[in-house]
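K.L.:
The lines below spell out each chain.
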Amino acid sequence: MNFLINYEEVTSMILFAIGFTMLVFSKNIMKKILGLNIMDTGVYLFLASMGYIEDKLTPIVPPTGEVNALDYINPIPAGLVLTGIVVSVSFSALMLALTVRLYKKYRTLNLDEIYEKCSKEDEEE
Amino acid sequence: MEFIKNFPFITIVLSLFCSVICYAFKDKKARFVTYFLLIISSCMSFSVIMYNLFSETGYFAYRMGHYDAPIGNEISAGLLEPFFALLFEIVIFLSITGGYKRLQKDVEESKQRFFYIMINLTHAALMSLCYTNDIYTAYVFIEICTIASCALLMSSKRTRSLVAATRYTIFSLIGSSLVLIGIVLLYSVTGHLLFPNIFETIQALWATGEYTNPLTIALGLIISGLAIKSGMFPFHWWMPDTYGTATPCASGILSGVVSKGYIFLLLKMIYRVIGPQIFLESGINNILLVFGVCGMIVGSVSAIRTSNITFMTAYSSAAQIGYIYMGIGLGTKEALLAALFQIVAHSLTKPMLFLAAGGLSDTVGGKQDFDSLRSSAHYNKPSGIAFAAGALSMVGIPIFAGFVPKMLFSISAFGHGFKTYIVLLALAISTILNVIYFLRTLVNIYSPAIVDIPREKIHFSKIKVFTVVVIVMAIVNLTVGLHSQPIISLFEKGIEIFINIR
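In order, the protein sequence lines correspond to chains P and L. The numbering used here puts the first residue of the first sequence at 1, with every later residue one more than the last. The numbering used here puts the first residue of the second sequence at 1001, with every later residue one more than the last.
Looking at chain P on its own, in the form it has when it is part of the complex:
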């Protein structure tokens, strides 16, 4: 029954596992980048779900200025998720830039083939 109560955490762990497997075992660079994003999304879901408290308000101070901290959800995880998203976007951009350069040179996205072609080039040199 715990799985049903903690469904957000379970989902996030499943996403993390899928992403991690893709990042480690897939030969295709694009799939690796997708795996990275799925994995990070899993972590962000995990993080965001910890800050969420049912029946509480979004943490925005009303114009009247009256604040009772107990009425709001925890805003810190949301801040962390935002930072994390920026990081994962930068990494995706970097990986995509690398992929473009590799594809232009080797005309394939398969990492094994790229390693093979690269080793051949080295031997010829």
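Please keep in mind that the hints were generated in silico from the structure rather than gathered at the bench. This structure is a prediction, so every number in the text was calculated from the model and none was measured. Check each hint, because a few of them may be wrong.
[Unchecked claim] In silico EDC-like links for lysine to aspartate or glutamate, alpha-carbon gap of 20 Å or less:
no., chain 1, residue 1, chain 2, residue 2
1, L, 1157, P, 121
2, L, 1367, P, 54
3, L, 1367, P, 123
4, L, 1381, L, 1371
[Said to hold, decoys possible] Derived, one-sided and incomplete: chain L residues facing chain P with beta-carbon distance under 8 Å:
no., residue
5, 1143
6, 1147
7, 1154
8, 1170
9, 1181
10, 1188
The beta-carbon is built from N, C-alpha and C at its ideal position, and this holds for glycine as well.
Position chain L against the provided structure of chain P, taking the given hints into account.
P.N.:
Okay, now just chain L, sitting in the frame of chain P:
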């Protein structure tokens, strides 16, 4: 004097600022901006060491922004933090100065300023890893450091370095994802992000026996993530390609500084977040010890098997990082002292070896295999001498810096039961293996040539700066080896502060 407390923060912000303004300059000016930054920050780091050395507690925490802990962010400095910041700055400075001529050949002219931008970003990230007191800030700067180091690798003209950068990025991503999930787990259990608050909560939780498993898993994830990124066995396979294909300046910075930055953060996680007692009780130290010992042997064996000088130097890094993890795995203050000294010795020696290997391969048209490199030391004398000094230091010949950590490891190994035998045996075997591959290379580069290939005599006038740099590196290495006691005393004091004051 209170103003000195601002220096760690200024160092980080100044590096970020310089990385931005480097974009507006051409390569030469960007290089001078980087030099300027490194000199200024080194002076600041030195001032922080002196301030803490003569202050009452030897430690200060600096509030970032308008809110006190636990709401606001914090950076802190004892004695170890500014010391390693200074060490990293010196090594980066020497690597750039010694490697910039080669850099002009290896990196396209239009991309050279980007190289300096990335160096400044790496510097900013390393300073943050040294000084930060916030676990999420640490994660963000780990990522910045990784992105900047990947960009340093990608900058080289060689396509092989692109492939190496891809491999490095993938390994780094796996590492940082594990760190992130570990950090999130820690936050979910403790509800804090600052080191002192997490430490207090963890101690209280561990005493009650609650959340033991999640805490152990979080610790395991963080340690394995940082271990992958710093190249611990069995995750060291990205090293030869990464260090071997980059320009020598980048290889020196990556192996000498970046991997050590991650290890220093790992030490902070163990001693300032989790606490040494829980680290030992969790049993993770034994795993680190085993992997460290395996890394020492496997790294050295791989170095013997390869016939490429930069690959050999890179595999030797894997072995030397094994020593550090062995020290962390032993878990005592004496072993920590040895591990810290090993970081210093390796950081000072490895960039020198990479620069020298680059200089030697220049004499034979960029070839890196041992057969081609025979007699190359006669064609580029400063590189030959620097390689000899570096090799002797890595082997652990007394009077060089590499000897001191080996001695400290041996002393710290006693009193651990069967672990004593494992550590002493590993030290003995690893030293013999080090002798085999380093001295073989040394004999090789001074022996008469057997392959008939065009060779270029590198005249002293062409490499004046390089010569000065490698000589300075060799002298620093010798000085640290001969006068190790002041550094050891500083570390002893620093470790007490590092572990006990929050």
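K.L.:
Each hint should be assessed against the structure and marked as holding or not.
P.N.:
Here is how each hint holds up against the structure:
Under the criterion of a C-alpha separation no larger than 20 Å, the hint pairing residue 1157 of chain L with residue 121 of chain P is consistent with the structure, at around 14 Å. For the given pair, residue 1367 of chain L sits about 65 Å from residue 54 of chain P by alpha-carbon distance, which is inconsistent with the 20 Å threshold. Pair hint residue 1367 of chain L plus residue 123 of chain P holds up; C-alpha atoms about 12 Å apart against a cutoff of 20 Å. Restraint check for residue 1381 of chain L and residue 1371 of chain L: the C-alpha separation of about 18 Å stays at or below 20 Å, so the hint holds.
With a cut of 8 Å, the hint placing residue 1143 of chain L at the interface with chain P holds, because the nearest CB-to-CB distance is about 5 Å. This hint holds: residue 1147 of chain L has a C-beta 6 Å from the nearest C-beta of chain P, less than the 8 Å allowed. A hinted interface residue such as residue 1154 of chain L counts as satisfied when its beta carbon comes closer than 8 Å to some beta carbon of chain P; here the least separation is about 7 Å, so the hint holds. The interface hint given for residue 1170 of chain L is met, as the beta carbon of that residue sits about 6 Å from the closest beta carbon of chain P, less than 8 Å.
Given hint, residue 1181 of chain L at the interface with chain P, holds; its Cβ is 6 Å from that chain's nearest Cβ, closer than 8 Å. For residue 1188 of chain L, the interface hint holds, the least distance from its beta-carbon to any beta-carbon of chain P being 5 Å, beneath 8 Å.
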